[in-house]
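The whole structure should be built from the sequences, with the hints applied where relevant.
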Amino acid sequence: MAQVTLDSVRKIYPNGVEAVTPASFQIEDGEFVVLVGPSGCGKSTLLRMIAGLEDITEGALSIGETVVNTLDPADRDIAMVFQNYALYPHMTVRKNIAYGLKNRKTPKDVIAQKVDEAAKMLNLTEYLERKPAQLSGGQRQRVAMGRAIVRDPALFLFDEPLSNLDAKLRNQMRIEIKALQRRLGVTSIYVTHDQVEAMTMADRIIVLNGGRIEQIGTPSDIYHNPASTFVASFMGAPPMNLVAAEMQDGTLSFAGLELPLASSLRGPVTLGLRPEDLIIDSHGPLAMEVELIEELGAHRLLHGQVDGQRLTVHLAKEEQVALGPLRLSCRVQNLCLFHPETGVRMDGGFAFNLAQERMEERA
Amino acid sequence: MADISLSAATPVVPRRRFRWSTVVDHAVLITGALIMFFPLLVMLQTASTPDVETMKYGPGLYFGDQLDDNFRKAMFEASGFSGANTGLSMFKNSLILGLGFAIGKIVIGMMAAYAIVYFRLRFATFAFWLIFTTLLLPLEVRILPSYEITQKLGLLNTYTGLIVPLIASATATFFFRQFFRSVPEELVEAARIDGAGPVKFFIDILVPLSQTMIAAMFIIMFVYGWNQYLWPTMITTDEGMYTLVRGIKRIVQVLQGGNEIPEYGRANVLAIIAVLPPVAIVIFFQSWFVKGLTESDK
Chain C
4 MAQVTLDSVR
14 KIYPNGVEAV
24 TPASFQIEDG
34 EFVVLVGPSG
44 CGKSTLLRMI
54 AGLEDITEGA
64 LSIGETVVNT
74 LDPADRDIAM
84 VFQNYALYPH
94 MTVRKNIAYG
104 LKNRKTPKDV
114 IAQKVDEAAK
124 MLNLTEYLER
134 KPAQLSGGQR
144 QRVAMGRAIV
154 RDPALFLFDE
164 PLSNLDAKLR
174 NQMRIEIKAL
184 QRRLGVTSIY
194 VTHDQVEAMT
204 MADRIIVLNG
214 GRIEQIGTPS
224 DIYHNPASTF
234 VASFMGAPPM
244 NLVAAEMQDG
254 TLSFAGLELP
264 LASSLRGPVT
274 LGLRPEDLII
284 DSHGPLAMEV
294 ELIEELGAHR
304 LLHGQVDGQR
314 LTVHLAKEEQ
324 VALGPLRLSC
334 RVQNLCLFHP
344 ETGVRMDGGF
354 AFNLAQERME
364 ERA
Chain W
25 MADISLSAAT
35 PVVPRRRFRW
45 STVVDHAVLI
55 TGALIMFFPL
65 LVMLQTASTP
75 DVETMKYGPG
85 LYFGDQLDDN
95 FRKAMFEASG
105 FSGANTGLSM
115 FKNSLILGLG
125 FAIGKIVIGM
135 MAAYAIVYFR
145 LRFATFAFWL
155 IFTTLLLPLE
165 VRILPSYEIT
175 QKLGLLNTYT
185 GLIVPLIASA
195 TATFFFRQFF
205 RSVPEELVEA
215 ARIDGAGPVK
225 FFIDILVPLS
235 QTMIAAMFII
245 MFVYGWNQYL
255 WPTMITTDEG
265 MYTLVRGIKR
275 IVQVLQGGNE
285 IPEYGRANVL
295 AIIAVLPPVA
305 IVIFFQSWFV
315 KGLTESDK
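Top to bottom, those sequences are chains C and W. Final position of the first sequence in my numbering is 366; the numbers increase by one with none missing. Final position of the second sequence in my numbering is 322; the numbers increase by one with none missing.
No lab work stands behind these hints: they were computed from the structure. Bear in mind that the values here come from a model prediction, so they are computed numbers and not experimental data. Note that beta-carbon positions come from the ideal geometry of N, C-alpha and C, so glycine has one too. Just so you know, not all the hints are guaranteed correct.
[Claimed, not checked] Straight-line Cα separation of at most 27 Å, DSS-like style, residue types lysine-lysine; simulated pairs:
no.	chain 1	residue 1	chain 2	residue 2
1	C	Lys134	C	Lys117
2	C	Lys98	W	Lys224
3	W	Lys315	C	Lys134
4	C	Lys98	W	Lys315
5	W	Lys116	W	Lys273
6	C	Lys134	C	Lys98
7	W	Lys116	C	Lys108
8	C	Lys111	W	Lys224
9	C	Lys108	C	Lys123
10	C	Lys108	C	Lys171
11	W	Lys116	W	Lys97
12	C	Lys105	W	Lys224
13	C	Lys105	C	Lys134
14	W	Lys80	W	Lys97
15	C	Lys98	C	Lys117
16	W	Lys224	C	Lys117
17	W	Lys273	W	Lys97
18	C	Lys134	W	Lys224
19	C	Lys123	C	Lys98
[Stated by the list, open to error] Partial list, derived from the structure: chain W residues whose beta carbon lies under 8 Å from chain C:
no.	residue
20	Glu210
21	Glu213
22	Arg216
23	Gly219
24	Ala220
25	Pro222
26	Val223
27	Lys224
28	Ile227
29	Ile229
30	Pro232
31	Glu263
Right under this line is the structure:
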């Protein structure tokens with residue numbers, strides 16, 4: 004068990020592409036960190052650099068106290084679970100799990116004992132003598148997990164381990180992996196492009212975009228306080244509504260909405276509204292034209308336009324709605340303001356609280 | 025409402041339908057098999073007939089009673105001057121050539137492909153194409169320089185001289201390269217994390233994975249080596265080193281001398297024996313062969 008420290012770690016491929024701009028962060032002992040971002044954002048490259056499968060162009064990577072930049076993957080005390088499981092097809096499950104130990108010259112009886120333990124933990128005992136081809140996707144994934152945990156590594160690395168599973172199994176394995184990690188208390192880094200996995204599994208999320216770290220924070224932090232429009236639109240399903248608004252003389256205006264803000268900002272801004280922060284209110288300031296209703300059972304999503312801009316509203320199942328005009332108001336304390344061009348967060352998260360207080364004073 | 029009650033119908037045993045096309049298919053196959061088998065029958069007939077009769081009437085319709093005799097002569101009696109080239113010794117030489125040829129080609133081809141595919145060599149692609157172009161230079165083209173080198177190294181009339189100069193194989197290298205390239209990258213990475221070095225990865229993972237491919241290559245290369253004629257003819261002058269293919273030729277050759285009846289029976293027994301090992305190997309490795317060329321369970 005160990006903490007992982009990245010100090011300005013950077014990756015430039017031989018063809019000149021900078022896959023990862025200098026990244027610095029620290030992962031605490033026992034923490035479950037998820038690297039999330041769209042494909043090609045550098046998350047896998049970052050993970051593979053930590054694993055030692057990819058050279059580090061610049062910067063220092065340490066696992067525990069030692070800088071491991073030049074260390075071979077086998078000597079880094081890590082274990083990795085791959086997207087396509089990467090099981091050795093000609094070996095039985097037992098041999099697959101034992102292979103890493105065998106290469107480390109572990110005594111035979113210790114190997115047998117550890118494999119049995121891992122198999123029991125993962126409900127694989129009855130499959131130990133089978134070949135990977137005779138297992139289902141979920142079982143193969145568990146064998147890959149077994150291969151990782153049997154070595155008691157200091158660090159688990161997961162490279163989109165659930166992408167090849169169907170939706171139902173993915174939910175189940177998500178919980179299993181998280182529970183296992185909790186039980187073993189091993190520091191883990193998990194790469195995914197699925198924001199649901201990121202939100203549900205992570206202690207901390209690192210959002211990457213174009214090789215750059217957009218934001219590091221707890222799931223709730225990332226969700227409620229996105230640092231940029233990218234994070235706001237990437238995390239959360241449906242994503243945050245981002246609309247063009249105007250700041251003038253301490254007042255934010257969007258469609259019929261006028262909000263006094265203790266801010267010296269002026270000019271156009273991008274306003275971020277979570278779909279669930281919009282509420283039906285017959286006297287509300289926003290006039291929405293509902294064009295589509297998505298029925299999701301537990302809740303509904305309304306898609307439509309306000310003042311010519313697309314907006315999505317999240318409604319509880321009890322609310323009655325129909326296509327056509329609808330009036331909305333919003334929970335102002337959760338609004339976010341972003342720079343209209345760079346997409347960077349501008350309000351720092353405190354301005355609305357002030358505005359809120361002022362409104363309450365007036366009332 | 026449609027009636028969708030679950031009345032379990034009595035299971036219908038599907039009767040095989042009679043089709044004329046099936047008959048035609050079989051007729052074609054059987055005819056083909058007979059045509060392929062016919063030369064073997066002629067060989068067997070000649071092998072069982074006294075040489076004089078064969079000389080007089082040519083191949084006949086009836087089997088004779090000389091099979092035993094001819095077999096004994098072919099296998100245990102020397103046909104040359106030194107008395108060293110019995111059928112048995114030739115069979116042994118052929119076997120050594122075929123096995124050495126096949127195993128050597130597979131080992132060298134696999135290792136070359138391993139180097140080309142898995143190691144970051146600066147000129148790997150160039151090296152591969154260089155190897156590949158040697159397909160354009162078969163033994164027949166380079167036989168004089170090859171012979172000279174072998175001779176100067178003092179390898180005439182040795183198994184080493186028989187096998188080693190033929191052992192480099194562009195074909196095997198190419199097939200193994202294609203196969204290795206289809207092995208998922210993650211498998212290599214998983215092995216690296218599992219602490220398997222280059223040698224361990226090759227032996228523990230790559231070789232077992234290539235099993236079917238190795239079997240397929242083995243069949244092709246063994247038959248190829250077994251049937252070698254030109255090279256053994258050049259390299260072996262010692263009768264004790266003769267291979268079967270070469271020895272058969274020697275027996276029938278007396279005809280050119282003109283004063284003896286060629287030993288047709290004996291030559292044909294040898295020919296049949298020469299056919300058997302390749303057939304046995306194909307039959308034995310057949311299922312693997314098909315797997316090696318079609319299945320991709322990696």
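Here's how the hints hold up against the structure:
This hinted pair checks out: lysine 134(C) and lysine 117(C) have alpha carbons roughly 19 Å apart, not beyond 27 Å. With a CA separation close to 15 Å, the supplied pair lysine 98(C) and lysine 224(W) stays within the 27 Å bound. Among the hinted pairs, lysine 315(W) with lysine 134(C) is consistent with the structure: their alpha-carbon atoms are about 18 Å apart, no more than 27 Å. With a CA separation close to 24 Å, the supplied pair lysine 98(C) and lysine 315(W) stays within the 27 Å bound.
For the suggested pair lysine 116(W) and lysine 273(W), the alpha carbons sit about 17 Å apart, so the restraint of at most 27 Å is met. Between lysine 134(C) and lysine 98(C) the alpha-carbon distance is near 9 Å, which keeps this suggested pair within the 27 Å criterion. For the suggested pair lysine 116(W) and lysine 108(C), the alpha carbons sit about 43 Å apart, so the restraint of at most 27 Å is broken. For the proposed pair lysine 111(C) and lysine 224(W), the alpha carbon gap of about 18 Å is at most 27 Å, so the pair holds.
The suggested pairing of lysine 108(C) with lysine 123(C) holds, with an alpha-carbon distance near 23 Å, which does not exceed 27 Å. For the suggested pair lysine 108(C) and lysine 171(C), the alpha carbons sit about 39 Å apart, so the restraint of at most 27 Å is broken. At roughly 16 Å between alpha-carbon atoms, lysine 116(W) and lysine 97(W) fall within 27 Å of each other, so this suggested pair holds. With a C-alpha separation of about 11 Å, the suggested pairing of lysine 105(C) with lysine 224(W) holds against the 27 Å cut-off.
Between lysine 105(C) and lysine 134(C) the CA atoms are separated by roughly 18 Å; this keeps the pair inside 27 Å, and the hint holds. Distance check on the hinted pair: lysine 80(W) and lysine 97(W) sit about 21 Å apart at the alpha-carbon level, within 27 Å; holds. For the hint linking lysine 98(C) to lysine 117(C), the alpha-carbon distance of about 12 Å falls within 27 Å, and the restraint holds. At most 27 Å may separate the alpha-carbon atoms for a hinted pair to count; lysine 224(W) and lysine 117(C) meet this at roughly 22 Å.
Of the pairs offered as hints, the one joining lysine 273(W) and lysine 97(W) holds, with about 16 Å between alpha carbons and a cut-off of 27 Å not exceeded. Using a Cα cut-off of 27 Å, the hinted pair lysine 134(C) and lysine 224(W) holds, with the two alpha carbons roughly 20 Å apart. For the proposed pair lysine 123(C) and lysine 98(C), the alpha carbon gap of about 15 Å is at most 27 Å, so the pair holds. The restraint placing glutamate 210(W) at the interface with chain C holds, with a minimum CB-CB distance near 4 Å, inside the 8 Å limit.
Taking 8 Å as the C-beta contact cut-off toward chain C, the hint placing glutamate 213(W) at the interface holds, the least distance being around 5 Å. Interface restraint check for arginine 216(W): the shortest CB-CB distance to chain C comes to about 5 Å, inside 8 Å, so the restraint holds. At a threshold of 8 Å, the smallest CB-CB gap from glycine 219(W) to chain C is about 4 Å, leaving the interface hint in force. About 5 Å separates the beta-carbon of alanine 220(W) from the nearest beta-carbon of chain C, less than 8 Å, and the hint is met.
This hint is violated: proline 222(W) has a C-beta 11 Å from the nearest C-beta of chain C, more than the 8 Å allowed. A least Cβ separation of about 11 Å between valine 223(W) and chain C goes past the 8 Å threshold, and the interface hint is therefore violated. About 7 Å separates the beta-carbon of lysine 224(W) from the nearest beta-carbon of chain C, less than 8 Å, and the hint is met. For isoleucine 227(W), the shortest C-beta to C-beta distance to chain C is roughly 12 Å, which exceeds 8 Å, and the interface hint is violated.
With its C-beta approaching chain C no nearer than about 6 Å, isoleucine 229(W) sits inside the 8 Å limit, and its interface hint holds. Below 8 Å, beta-carbon pairs count as interface contacts, and proline 232(W) has one with chain C at about 4 Å; its hint therefore holds. Interface hint at glutamate 263(W): violated, since its Cβ lies 46 Å from the closest Cβ of chain C, which is beyond the 8 Å cut-off.
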